[in-house]
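Using the sequences and the hints given, assemble the complete structure.
Quick note, the sequences are listed as chains P and G, same order.
Counting from 1, position 762 in the first sequence corresponds to residue 761 in numbering that gives the first Met the number 0; the numbering is continuous, with no gaps.
Counting from 1, position 429 in the second sequence corresponds to residue 428 in numbering that gives the first Met the number 0; the numbering is continuous, with no gaps.
Rather than coming from a laboratory, the hints here were simulated on the basis of the structure.
Virtual Cβ for every residue (Gly too), placed ideally from N, Cα, C.
It cannot be assumed that every hint is accurate.
Within a straight-line C-alpha distance of at most 16 Å, the following computed EDC-like cross-link-like pairs (lysine to aspartate or glutamate) qualify [to be verified]:
1) P:Lys636 x G:Glu29
2) G:Lys97 x P:Glu829
3) P:Lys641 x G:Glu24
4) G:Lys97 x P:Glu657
From chain P, some residues computed to sit far from chain G (all C-beta separations above 12 Å) [as the list claims (entries may be wrong)]:
5) Glu58
6) Ser269
7) Ala346
8) Asp803
9) Gln970
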Amino acid sequence: MHLTKIKYLFAFGIMLTGGSLLAQKTITGKITAAKDGDVIPGAIVIEPGTTNGTVANLEGAYSINVSDTAKSLIFQMSGMKTDTVSIDGRSTIDDVMIDNVNNLNEVIVTALGVSKEKKALGYSVSEVSGQEVANAGETNVIESLSSKAAGVTVTSTGGSPGASSKITIRGNSTFTGNNQPLIIVDGVPVDNSTTASGAGDNPFNPTLNGVSNSNRALDINPDDIESVTILKGPAAAALYGARAGSGAIIYTTKKGAYGKDKGMGVTFSSNVEFEMVNKLPETQKTYAQGLWNDPTYFSDSASYITSDPGPDNAYNTADDVDFGTSSSWGPKISSLPGITYHDNAKAFFKTGITTNNSIAITGGNERTLYRFSYGNTSQKGIIPNSTLNRNTFLISGEHKVSEKFKVGTVLNYVNTRGQSPQNGSNLSGIMLGLLRMPGSFDINPYQYESNGYNRTYFGLYDNPLFTAYRNPYTSTVNRVYGNTYFMYTPCKSFQITYRLGSDFYNDNRSQIYAVSSNGDDNTTGLGQMNLESINSMQIYSDLVGTYMHDFGENWHSSISLGNNIWSKSLNEQFSRGRTFGIPGFYSLSNAAELYASQYSEAIRTVAGFVDGTIDYKSAIFLNVTARNEWSSTFNSKADGGKDGFLYPSVSISTVISELVELPKWFSFAKVRANYAEAGVSPEPYRNRTYYGQSTFTDGFTNGNSFPYLGQVGYGISSILGNPDLKPERVKGSEVGADLRFFGSRLNFDFTYYHQKTVDILVQRPVAPSSGFSNIYQNSGEMLNSGFEVEAGGVPVKTTNFKWDITFNWSANKSKVLKLAPGVTEISLEEGFESIGAYAIVGQPYGVLYGSSWQRNADGKLIINPATGLPYLSPTSVALGNPAPKWQSGIRNTLTYKNLSFTFLWDIRNGGKIWNGTKMRIDRLGRGVDTENRDQNYTIDGVLATGVNADGTAIAGDQANNVSIDAKTYFQKYQGDLGGATEMGIQDAGWVRLRDVSVSYRYQFKNQKYIQHIDFTASGRNMLLFTKYTGVDPETSLTGAGSNISGFDYFNNPGTKSFMFGVRVAF
Amino acid sequence: MKKSIITKSGIVAVAVAFLSLSSCEKYLDEVRPNPNSPEDVTMDNLLANVEVATFSNFEGNNARRAGIFTQQFAGTDGQMAIIEGYTVTEGDVTNEWKTIYTSALINAQILINKAGTANPYYRGIAEVLKAMNLGLATDQWGDVPSSEALLGDSTGDFTPAYAAQATVLNDLQTLLSAAIVDLGAAQSANLSFPTTSDFIFSGDNLKWTKIAWVLKARYANRLSLRSPSQSATDVLTYLGNANMVDNSDDANCIFGSNGNENNQWFAFNSTRAGYIRMGKFFMDMMNTQNDPRVPFYATLDDTGAYTGSPVGSGDITTSQLGTYYGGPTSIAPLCTFVEAKFMEAEANFRLGNTAAAASAQNEAVAASILAVTGTTNPVYEAAHANETGGTITLDKIMTEKYVAMFTQVEVWTDWRRTGIPNLTPNPAGAVNGIPRSLPTSQDERVNNPNAPIQSNILNHVWWDL
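This is the structure:
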């Protein structure tokens, strides 16, 4: 079918040649492709403004006679961007053509690494080029996708080196399971998990505190990426199985190219990036540390409090003078002799510096191609002592053993080391210690000179500088992943491919809490060290046979039969030492108390699938797939379980422009529709009820756990297992159209999807008085539906100047339809006491859930006349949806000759964040609002006339006239000392200039060794407009390893950066 | 040519399908067992688990809340300040509710079933522990699931009906009677005995029997307002059977020196420094009486004195919990000789046996001084453990009990029954008065249509007339 097109073009070219009667001058040259240097037979060369033209021969050479007045030549080729080249008196003009991403016959990489014509696809895909990934200036290839494609939502955890980025496509498809797409690199799934550290006896959700762990796609070098294909919806699942139920992201790395005389190409690139905090919550600058117990304290310098641990520099010892206070409700700093205001945040954050260096060697001959690359990323973050150092080695090659048999391999070795800062709800937390730090306290020095103990303003918190330097968390990952494949093509119509992939890594982690730090589990200040070793191994294998057959001239078909096997095992070993004998010597041998725990998990799936396509005249395509999968996470057949499940898909694509004659300006029209199902198997070990080692806590301490006084204790799991589990089913249908006008200078792609997930595995909560808190069962239902638009245009195009616009917009609406009989709300994961993330029937997924104020029928607050404060509602309610209403990315690219300027606007509309940080710093008298404390406040509302038996207030008519002092107002109304959680809910929408870059290519002419040098200067997050009063609203406390979104509780801030780079091609 | 390829491909496809189907089950079965958690455990595992869960329930937030409500403590920061402001929402109590039912009670029930008739000591101890925890639930929440509770895994009843508190109190008596029978079995009637897995009494069935009787007395005494004289008679009968001799008969929570074994008052005061201080009312009362227990109950404040923070002040410059109850390995009382003696005094007083009441009172106070300070204190005892039939009053009994039972949830229960000592509620409290019950736990409100929804914390439980 591709051949047909070429024949057609030949004919077109010959016709043009027939018109070249006025030619007076001959120009010859050779046309090659930029991507692999291969010649382009069949390319068309046209003299502009005439019908004169010619076609390149099989060697890519052309010869054309043009008139004397001709100033330029136009080179055209299907699949390539059209070039206009000025003649400048030359008689030899070689042209290097580049791929056109908007091309009609564009080929893209789909599931199993199979390249398909985009027009044949009955489902929506988005593509992001390797260039876009590189331009984003992100170290994490997940973050690089942010705002680049419709329907894709990326949320970073914050600006700390290595912190995870979470990605979802078309919202969330399940409640408590994995909602992130499957990540594929060169045809094989790779691990992108974000594993939180945790001891076996840790009773809490580890994502709420500690460090922000990395998602393991961090190990991919962005410079190796040739292209990214995003498969949305469950359509990809037939080939990759259950784990692609939330979509798939396919990274393809750069490769060498076959060809005679290819020689060896070397590319070297280097850049340096300077990173700064882009946004911080504002704090007051006037008032000192202290407790304002009565208003007379207000200007009384005696009410100033600060901590003093006494001569031993340790708290909770007999010589303590003052423990200090977390509050800044003290007197004016100006009233205190010898004390001045300190901008501690300014003193704390640094300019981060990242350098990226990479070298790639590519080459090939007629039978072999290869590529080797080495990349190094070395990052020093904005938080002192936070680092990331990544070394990636990639070697790929392919060899044609014979015309029929090809073998290839891709092998990656990665070493990623980093030191991460403490985050979140954590007595050693960076932002917790920093934002609560009174303006009257100087962050420096952070430790006492005599014994190196933590110097702080409140005996319970660590000085953030002390944490940064003395409480290091380090992670060292060694990872090998890749695959080997064999492709046997005995004849044109039949091919067998076998591919074996593996992904192995070891993550060695260490967390030290120095003596005198409060970060240790029990806040004893005696020192603690956690060591953790995570070993993960995945093996993937697929065997696919494809047979193609044409039924006459117009009907083409292909069918693939395949099998794939996937196995994953995970082993985590944790050991902990507490109470160091020798301060500063960090070894388990130096610990007075030791503990160890382990966790292992193994999952295997086996599947058979069929994938058949039939097309009519390359214009109507029908594709049907079916997959039957068996998973080890169901009860075994021997135990009466049913562990196999089948799921189908069907899609149709019709290229209308190939079937009917459209007006000339209407270049291309395609409509598509599909229905696909994906089955998602349960998490392992949910088919039975086990006993577990319990940890008993009331939520305030780490509690009591086993081994206890030399005894082993087991209690029954509070979550009942279920032998009758079924797979969850994601049922997605989608319609779309791809329309292009004026020779593709304007194009639109619309998609509407409707995706329902049924039989969702729910940890259905039950009344604890039944003896159990949850049962695992298939009972949930959720709907996601939405629109996606991707568009592009070229408003201006002249010989030397071009303006490109690409645009994407998407809106997803999610709605929880059903949870379980009698259950209308469930918690997704453990949150805080004041806020949770819930699935509530009738509400969007993951709504923020917490306390609210009582209001009268007009929505006015009902005020307690005795206290002047509103009443809390007796029950918690949904407070907001953290998902955006819609999001959009708009890129403009202006190119003048070799100079190009591009910028990307990123818009997210709506979406709520719980700004727990603000509530707490207001309560502590640190928030900027609390500057206005020399006045009383009267909350807008109506006075209550009484309270019903159920705790609900009876609203009266009289407007509230009870005035309260500022401390009460900021603590109990605006702050979280009894204030409703709703006070912290804020709009997280933004408009940001996500990236802007200027680049210039200097092309060497007639140079033997050096081809070109690219210079780039770019900026990331240079502008940010948002109503959010906290850190950059692209933030997530819980990170990519969690289904919670929208929590900000002393999250580390985001960053903006400037980058300068150079790339040399030899 | 073409045909042979079709044949070949057919063979491959069939082979693939065959391979995957036949060896598939075996391949999957290999990884099905859970390497992390057992499907069955021993009675010792369960007993250790239930006891530590019980420690958690009788310390932790239940005890802190009771202590703040009764002004033994001041909630000076964080969630403790919120409790002192009398805001207790349905979400604040889910942890405690859950630990009682899904950690302590269910495992006690599993142990009862597992022990069966062949292991009556295990069963008896489990019954006593079950009664303690169910008693704690009904004291704080009033009507709670009792006989219909804990059936999730056996009958699939996930929405247990709530029993009226009167019924729950009856169930407790029945359960404790059964425990007494089990614990009274001959040693030879047991296939196996608990030893080291019983942290409280190392399997001593006679001591457990005493505690069962004292608990029967505790729950009989709950009816002091509903049925003053019968309850008093029952209390005295049960205490007579208990025959508590001295402090060595006490059932205490036992803690260890490792971080995960620590006393939870200690753990809380480390992790949540500044959240709790001694209460002004309590410290003033003890200071006025020159109580020798003060240096054991409290630490010195920043100025070297023993002081407490006023309600609602947020003042953290005052004394903290002292080492007797607040050290890493300090005990926490569950059911003691001292409590038994105070109940004996109260019951006798109610029946008009003032002389007997006075003598029990004197024993109780002396025993408390001895337990806490390690020695007798003739001066204090001359003033406060020297009552006679003519001088004894209910106020004296309950006030001394208030001091002696420091840190225990029983203090809140006693205050609700008797109103002694006379406390002034936090004037800035979210509700107008000291709370008298806890709101229905959120997970019960949401998941159990049989749960009576109760969010008014001023509500009286049934025994609290």
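A quick look at each hint next to the structure:
1. P:Lys636 x G:Glu29: holds, 13 Å
2. G:Lys97 x P:Glu829: holds, 14 Å
3. P:Lys641 x G:Glu24: holds, 11 Å
4. G:Lys97 x P:Glu657: Measuring from Cα to Cα gives roughly 66 Å; hence the hint is violated.
5. Glu58: holds, 32 Å
6. Ser269: Since the minimum Cβ distance to chain G is about 46 Å, Ser269 (chain P) lies beyond 12 Å and the statement holds.
7. Ala346: The claim holds: Ala346 (chain P) sits with its nearest Cβ about 25 Å from chain G, beyond 12 Å.
8. Asp803: Consistent with the label, Asp803 (chain P) stays out of reach of chain G, its closest Cβ about 45 Å off (over 12 Å).
9. Gln970: violated, 9 Å
Of the numbered hints stated above, those contradicted by the structure are hints 4 and 9, listed in ascending order.
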